[in-house]
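Student: Sequence:
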Amino acid sequence: MIRETELIAQFTSLERQVLLIWIAEGVIAPHRDEQGYLFDQIDTSRVALCCDLHYRMGLEHASLPIILSLVDQLHDARHHLRRLTRAVADQPDAVQQDITRRFSSGPQTTSD
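Mapping to my numbering: the sequence shown position 82 is 74, numbers consecutive.
Treat the hints with care, as some may be off.
[To be verified] Pairwise CB distance ranges (calculated): (1) Ile91 / Thr4: 48 to 54 Å; (2) Gly18 / Phe95: 53 to 59 Å; (3) Ser55 / Gln88: 50 to 56 Å; (4) Gln33 / Ser55: 22 to 28 Å; (5) Pro84 / Ile58: 24 to 30 Å; (6) Thr(-3) / Pro57: 24 to 30 Å; (7) Ser37 / Phe95: 49 to 55 Å; (8) Ala81 / Ser61: 28 to 34 Å; (9) Gln89 / Thr(-3): 45 to 51 Å; (10) Leu62 / Ser97: 26 to 32 Å.
No lab work stands behind these hints: they were computed from the structure. Think of the CB as a built atom: it goes at the ideal place given N, C-alpha and C, for glycine as much as any other residue.
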């Protein structure tokens, strides 16, 4: 974990006030102790993404929560897809082939 000053030093374009706005808006959720904010690797990666989106791509602060929410949803979907892929791989060959056949045949219509 690193402190706020170390984090800001890593990102030369990052302004302290901007970081505090991101924290206040919940875009970044660092840990906090009696000495201030502590940022882990996930926080640091998120700050890097925010800096790219805001400073390099010109996105406004108000857009960041929406964009990051979509990124989070995509990350979760990829995680679930990996788990599903592992679960299918654990099935007998006949089940795997049936799943592959059904998946390859296109969208299925269901009647409830």
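Student: Now, for every hint given, state plainly whether the structure supports it.
Tutor: Verification of the supplied hints:
| no. | hint | in the structure |
| --- | --- | --- |
| 1 | Ile91 / Thr4: 48 to 54 Å | holds (50 Å) |
| 2 | Gly18 / Phe95: 53 to 59 Å | violated (37 Å) |
| 3 | Ser55 / Gln88: 50 to 56 Å | violated (42 Å) |
| 4 | Gln33 / Ser55: 22 to 28 Å | holds (24 Å) |
| 5 | Pro84 / Ile58: 24 to 30 Å | violated (43 Å) |
| 6 | Thr(-3) / Pro57: 24 to 30 Å | holds (25 Å) |
| 7 | Ser37 / Phe95: 49 to 55 Å | violated (32 Å) |
| 8 | Ala81 / Ser61: 28 to 34 Å | holds (31 Å) |
| 9 | Gln89 / Thr(-3): 45 to 51 Å | violated (57 Å) |
| 10 | Leu62 / Ser97: 26 to 32 Å | holds (30 Å) |
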